[in-house]
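Can you join these two chains into the complex? Each is in its own frame, and there are hints to help.
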Amino acid sequence: MRPGTLRQILLITDGCSNQGQDPAAMAALAREQGITVNVIGVMEEDVIDDQGLKEIEAIAISGGGVSQVVYSTQLSQTVQMVTRKAMTQTIQGVVNKELQQILGSSKSMEDLPPDKRGEVMEVVDDLGETSKLEVLVLVDTSASMKHKLPTVKDSLLDLSLSLNARMGDNQFSVFVFPGKKNDVEKLLDWTPKLESLTKIFPKLTTGGITPTGPAIQEALSYFNKNRSLRGLLSHDEQYFEESM
Amino acid sequence: MMNNTLRNQCNVPPGSVITGKWNGNRYRVLKELGFGANGIVYLAELNGQFAALKLSNNGMSITSEMNILKAFSKVQGSALGPSLLEADDWEKSGIILPFYVMEYIKGDSFLEFIKAKGPSWTGVLMLQLLTSLEVLHDQGWVFGDLKPENLIVTTPAYKVRCIDVGGTTKQGRSIKEFTEFFDRGYWGLGSRKADQQYDLFAAALVMINASYPKRFQKKGDGQKQIMEAVNVKAELRPYKNVIEKAITGRYQNANQMRQDIMGVLSRRSNGTVSSTRQTNKGYTKQKRQTLKNMQPQTRTQAKKKKGGFAETFLLVMIVSLLYAIYLYGQIM
Numbered sequence: 005m006r007p008g009t010l011r012q013i014l015l016i017t018d019g020c021s022n023q024g025q026d027p028a029a030m031a032a033l034a035r036e037q038g039i040t041v042n043v044i045g046v047m048e049e050d051v052i053d054d055q056g057l058k059e060i061e062a063i064a065i066s067g068g069g070v071s072q073v074v075y076s077t078q079l080s081q082t083v084q085m086v087t088r089k090a091m092t093q094t095i096q097g098v099v100n101k102e103l104q105q106i107l108g109s110s111k112s113m114e115d116l117p118p119d120k121r122g123e124v125m126e127v128v129d130d131l132g133e134t135s136k137l138e139v140l141v142l143v144d145t146s147a148s149m150k151h152k153l154p155t156v157k158d159s160l161l162d163l164s165l166s167l168n169a170r171m172g173d174n175q176f177s178v179f180v181f182p183g184k185k186n187d188v189e190k191l192l193d194w195t196p197k198l199e200s201l202t203k204i205f206p207k208l209t210t211g212g213i214t215p216t217g218p219a220i221q222e223a224l225s226y227f228n229k230n231r232s233l234r235g236l237l238s239h240d241e242q243y244f245e246e247s248m
Numbered sequence: 028m029m030n031n032t033l034r035n036q037c038n039v040p041p042g043s044v045i046t047g048k049w050n051g052n053r054y055r056v057l058k059e060l061g062f063g064a065n066g067i068v069y070l071a072e073l074n075g076q077f078a079a080l081k082l083s084n085n086g087m088s089i090t091s092e093m094n095i096l097k098a099f100s101k102v103q104g105s106a107l108g109p110s111l112l113e114a115d116d117w118e119k120s121g122i123i124l125p126f127y128v129m130e131y132i133k134g135d136s137f138l139e140f141i142k143a144k145g146p147s148w149t150g151v152l153m154l155q156l157l158t159s160l161e162v163l164h165d166q167g168w169v170f171g172d173l174k175p176e177n178l179i180v181t182t183p184a185y186k187v188r189c190i191d192v193g194g195t196t197k198q199g200r201s202i203k204e205f206t207e208f209f210d211r212g213y214w215g216l217g218s219r220k221a222d223q224q225y226d227l228f229a230a231a232l233v234m235i236n237a238s239y240p241k242r243f244q245k246k247g248d249g250q251k252q253i254m255e256a257v258n259v260k261a262e263l264r265p266y267k268n269v270i271e272k273a274i275t276g277r278y279q280n281a282n283q284m285r286q287d288i289m290g291v292l293s294r295r296s297n298g299t300v301s302s303t304r305q306t307n308k309g310y311t312k313q314k315r316q317t318l319k320n321m322q323p324q325t326r327t328q329a330k331k332k333k334g335g336f337a338e339t340f341l342l343v344m345i346v347s348l349l350y351a352i353y354l355y356g357q358i359m
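Taken in order, these protein sequences are the chains called X and Z. In terms of our numbering, the first sequence opens at residue 5 and continues consecutively. In terms of our numbering, the second sequence opens at residue 28 and continues consecutively.
If we strip away everything but chain Z, and leave its shape as in the complex, we get (with noise of 0.2 Å):
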């Protein structure tokens, strides 16, 4: 929902040149990277060197936005959000723009990632955003409007990040910006108050986004709508306990997440184990099934591993046993 005078004030055609007011740094416009309910995001150079430009015609959010980014500036290394360059304003015949500039970040937004990397991609990354969600909720901090659109995968590293700090809100108080599909509130599973848990919900929500790009609208109980639209996609399946305990607001922080999802990642690379222990365990007949069917090769591999151990223990109890009979008849 963006107004048409935001379009019309802070459009800038490329090869402008934004000069901040204060500063006076001349930025010369090279292409638009996209766009936000309160600016457009441009990808602009100033002496040589690239920097995402964020122009507003609105103060108040930009400003908001420049105290978050000024904050995270002073967590040490961390990969929260692109780091704050300056702030500035621009004087546009007559009508002051004021923009802030940030470090550019190359990358692919998350969807296309997954889309064009497959989704065995999808937990790797979760790993990755729940580790820099836990530095932030250490800081105090909630994310807020976490969906797909605010990620972006760098290359060639392949590392996710954090690229639009509107709805980062302090914790305790209510959550400034949201998206519907990603919001607790929406699905009626809590509220919007800023907690740990309000962004474990939007980070499971992000996961079915991956396997629904669409996205779909509430129908009566939220919690069974999304479990069921979870059993439905294969590559969803094995995640099931995870996204119903963030979704239910079960993890006391993103490590807790993260474990879990690395639990599951590492079920499915090791086979072996997995079937080995879902059997012993008796786990329900359904989780097995799918198994089954998602690694029969790993399924085939255990059954002739298990095989090779009978062998070797028979052969042995017989070498053993005649070991026995020959001790005996010495004796004797």
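Chain X on its own, in the form it takes in the complex (with noise of 0.2 Å):
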């Protein structure tokens, strides 16, 4: 049994969007399409308003993913934990469906005795470490964001410390909002290494709208086009190997 490919977004903002649709719509159609949307609350001395806080939730809640709010200073432990927290939850969704088949009831993991959950638990952290996992980032970029930045490219470098120790392949892309011209801008194609976000990230400016709703909706044309590529070219999976 293989989930296949765990698709993931991860949005990494400081408050509320401002421009488009709503992000938790988005996050729904993102979901509808196996992609789970995982949402990254990030405080500085400033304190995210409610408003904000309930757009994080809801965008997570919707997008079937996790969401946690915290201070700049825990972003990198915080970052590789929700990442890592949503995969087993998609793994364990997908286990779930399979149990119901055998079971052939309304049962879920919860339901079983405890010795049986744990050899259900093995599995569940097998698929964790062997899967293919692409994660694409967003990064919110808007003013507010600025003095933030430097934080998030470390936490993101020590995501992929995080996940490239696991014995699954791992493919990620960075995107930032608001873009010079567009929405959304690609500042870093899938790839499994992020180390070259060091080269790129200082030279980001910073915008003025917070245009979430359509970032995430033009993310999720990218997961497209990554698969349709990787249909394409058949010599990636034996790069993959060699890159690990």
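There could be a bad hint or two in this list.
Said to hold, decoys possible - Reference listing, derived: stretches of chain X covered by chain Z, where coverage requires no fewer than 3 residues with Cβ under 8 Å from a Cβ of chain Z:
#, segment
1, 128-135
2, 162-176
To be verified - Derived contacts from chain Z toward chain X, CB cut-off under 7 Å, selection only:
#, residue
3, 86
4, 90
5, 93
6, 112
7, 114
8, 200
9, 201
10, 218
To be verified - Here are some of the chain Z residues that sit facing chain X, going by a computed Cβ distance under 7 Å:
#, residue
11, 49
12, 87
13, 212
Derived by calculation from the structure, the hints in this document are not laboratory data. Every value quoted in this text rests on a predicted model; they were computed, and no experiment measured them. All residues carry an ideal CB built from backbone N, CA and C; glycine is no exception.
Put into structure tokens, the structure is as follows:
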């Protein structure tokens, strides 16, 4: 049993969107396409207002993912934790579906006695370690995020360190919003290594608006591109093996 | 970083009774022992026996931990983690909270113990810890989230035990849980792949944490910063080489690091050997200085002993010389 590739959007923001579609609706759209949306709210001295908090939670809930609001000093540990937690959640969802097929009822893992649950959990652990993972990082670069960007960069390098220790393959890409011309701008195309970010990140300029909804919507299309490209490149698999 | 729902759902006042849904055991909660990212541990009582009960609202992580404890219980006579007694679910006003029950290990936290008993205990406790780690590694595991909070020094036997196995990972996989200060990835000194060296790195940082209870944050070159911190503290300086080897991944296994710490400890308790050996082999000046500063008493003792030897030697020489002259006289 394999859940195939795990696809995630990781949204890093510090507050409320102010342009375009409802981000929660776009997150729900992502979920329909089998893509989980996780949200991390970054605070510094400033506290995220109630409306911002609600939006962060709403996006993660409708995106089937995990949300967490943290001070920027804790960002590194949170980013890798949230990503992992969401992976396990997704895998558990898949395993639960399989269980329902086997047990033939509305049973889930929680309905099993602890011993049996332990055996299922081992399968979940194995899958989490070995499945392929695609993470599209979506960074809010509106003006208030400006001084938090170095921390965001560090936390993404840390994420790459954590995930590349797994046995399974990883693909990362990084997008920022608002972009120079469009709502979203591609910073880094799909790659197994995030290290090249170090050069690009300092050059970022920050903008005034926060089009979170349109950003998520556009990010979805890049997952499709990644999928179709993979079909074209036959030496793809080999390349991943070398890069491990 | 603990979320509020965990606090709310798993908060159980002393005196409450937790009843298992599957096995039907009734545990009386006595007090809270501690809490982690995914659960609260209570001291509980069942039929007059104490036990530690971990309650969580996160079925996944608690089940993982239970699996690890179960795997450990198959290793005979190990001190790796607390032994697992049972696992069950508690239905609390409609919500199902999974829990597991383990042996209650009574003792002080690692840092408290060293604070109370003095830094001379650090080395000895490390020897014990490394023995446990060796067993763990031989079984194909890596402890992962090794830090003082996850270590307890039992009383009255003074033995180090690991209490939280949440980070324990099979070798070759990615570390499940870690704490930045003890993580070699954070310091830029290696990957987060579970190998023996990962634990040995953390073990070295546990020693440093004993001298820096507040820890410190990374600034620039990790290795340089850590070694500078070691140099500042007199109690860490003797372990300089051990720590450097551990953080650069140069130990093949826990036993090698254990042997080196043993070497440091026996050198310190036996000043005679060390001081002569140090001079003979021409160790660096700075190191001799350290030794002089640290063990003035043993140094003078050594000098006295050396003086005694010279005296005896001289005496024997004079007597032999006189005897030779006497013999010479007899022959002539």
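Going down the list of hints, with the structure as the test:
Residues of the segment 128-135 of chain X with a Cβ under 8 Å from some Cβ of chain Z number 3, which satisfies the need for three, so the listed coverage holds. Residues of the segment 162-176 of chain X lying with their CB closer than 8 Å to a CB of chain Z number 8, which satisfies the three-residue condition for coverage. Below 7 Å, beta-carbon pairs count as interface contacts, and residue 86(Z) has one with chain X at about 6 Å; its hint therefore holds. Taking 7 Å as the C-beta cut-off, the interface hint given for residue 90(Z) holds, the closest approach to chain X being about 4 Å.
For residue 93(Z), the shortest C-beta to C-beta distance to chain X is roughly 6 Å, which falls under 7 Å, so the interface hint holds. Annotation: residue 112(Z) was flagged as interfacial toward chain X, and the flag is violated, the nearest CB pair being 12 Å apart, outside 7 Å. A cut of 7 Å between beta carbons decides the hint on residue 114(Z): the least distance to chain X is about 4 Å, and the hint holds. Interface restraint check for residue 200(Z): the shortest CB-CB distance to chain X comes to about 5 Å, inside 7 Å, so the restraint holds.
Hint status for residue 201(Z) relative to chain X: holds, with the closest Cβ pair at about 4 Å, below 7 Å. With its C-beta approaching chain X no nearer than about 5 Å, residue 218(Z) sits inside the 7 Å limit, and its interface hint holds. Taking 7 Å as the C-beta contact cut-off toward chain X, the hint placing residue 49(Z) at the interface holds, the least distance being around 5 Å. Nearest Cβ of chain X to the Cβ of residue 87(Z): about 6 Å, under the 7 Å cut. The hint holds.
For residue 212(Z), the suggested interface contact is upheld, since its CB lies about 5 Å from the closest CB of chain X, less than 7 Å.
Hint 6 from the list above is the single one not met by this structure.
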